[in-house]
Amino acid sequence: MLHVIALAVLPAIILIYYTYQQDKLQREPVGNIVKAFFYGWGSVFASLLISMPLMRMGAFPQEITSFWGAVRTAFLGAAIPEETAKLFCLWLFLRKCRDFDERMDGIVYAVCVGMGFAAFENIEYLFASGSDWITTGIGRSLTAIPGHFGFAVIMGYYYSLNWFDKYRAPGAGIKMWLYPVLAHGIYDTIAMQSAVTPEMSGVISIAILLFCFWGMKLARRKMSTHLLADSYSATGIDEQ
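Take the numbering used here: the final residue in the sequence shown is number 240, and no numbers are missing along the way.
Hints may contain errors.
Keeping only pairs whose Cα atoms sit at most 25 Å apart, straight-line, the calculated SDA-like set for lysine to any residue is [as the list claims (entries may be wrong)]:
no.: 1; residue 1: 24; residue 2: 96
no.: 2; residue 1: 217; residue 2: 191
no.: 3; residue 1: 166; residue 2: 225
no.: 4; residue 1: 217; residue 2: 231
no.: 5; residue 1: 217; residue 2: 174
no.: 6; residue 1: 96; residue 2: 174
no.: 7; residue 1: 217; residue 2: 142
no.: 8; residue 1: 175; residue 2: 95
no.: 9; residue 1: 96; residue 2: 27
no.: 10; residue 1: 166; residue 2: 97
no.: 11; residue 1: 175; residue 2: 98
Beta-carbon label-pair distances, calculated as ranges [claimed, not checked]:
no.: 12; residue 1: 27; residue 2: 197; range: 43 to 51 Å
no.: 13; residue 1: 220; residue 2: 182; range: 13 to 21 Å
no.: 14; residue 1: 131; residue 2: 98; range: 41 to 49 Å
Quick caveat, the hints were computed from the structure, so don't treat them as lab data.
Using N, Cα and C, we set each Cβ at its ideal position, and we do this for glycine too.
All chains, full assembly: derive it from the sequences and hints.
Below, the structure written as structure tokens:
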């Protein structure tokens, strides 16, 4: 049991540590990192409060048999409930967090929440996969976990823009929810196509890996942008 949990959680911990190391100007207290991670666990249950009623109303199919069924399930069954819940838990954590004083902090804490969600979800998947837990764990460490990481960086990036630079980025308040939802929904739509066209599973796997690679590159760029802005702020220089 412990080795299954370790494989499920380790990729998320690695990405949290990576993000923590990128915060070079003023790193966040470790206690906050741990607390935000468990807020991510709470977001799993919060997402069910959205997805379960939608499922009962028939908003998305439980068995995917068509492209539009995959789109509905990807967005209404996963992307919208999960990213809404993660954003809500990120807000709950940051609304009274005195250490949230730099733009990069928004990314750090969003990653902690996102990786908390991803780790909990990963544990469920690995235990459900039975004897194939190693294969499932390796596969998800290359796809689903980096995917959630990318969604979290996007969310944190725009959350900080909305908090620190609202007058320069008036659309950031909606983008911190909309862009992660779009990225998550597109990712899941691609992944769910394997249920519609299993003969294309190899191509779909490559598409998912390319999508995750793009997401990781985007995440690094967003981090660099906020780090540069924070360094300007620390020296009293207006980056604009």
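Going through the hints against the structure:
{"no.": "1", "hint": "24 / 96", "result": "holds (23 Å)"}
{"no.": "2", "hint": "217 / 191", "result": "holds (20 Å)"}
{"no.": "3", "hint": "166 / 225", "result": "holds (16 Å)"}
{"no.": "4", "hint": "217 / 231", "result": "holds (21 Å)"}
{"no.": "5", "hint": "217 / 174", "result": "holds (23 Å)"}
{"no.": "6", "hint": "96 / 174", "result": "holds (21 Å)"}
{"no.": "7", "hint": "217 / 142", "result": "holds (14 Å)"}
{"no.": "8", "hint": "175 / 95", "result": "holds (18 Å)"}
{"no.": "9", "hint": "96 / 27", "result": "holds (18 Å)"}
{"no.": "10", "hint": "166 / 97", "result": "holds (19 Å)"}
{"no.": "11", "hint": "175 / 98", "result": "holds (24 Å)"}
{"no.": "12", "hint": "27 / 197: 43 to 51 Å", "result": "holds (46 Å)"}
{"no.": "13", "hint": "220 / 182: 13 to 21 Å", "result": "holds (20 Å)"}
{"no.": "14", "hint": "131 / 98: 41 to 49 Å", "result": "holds (48 Å)"}
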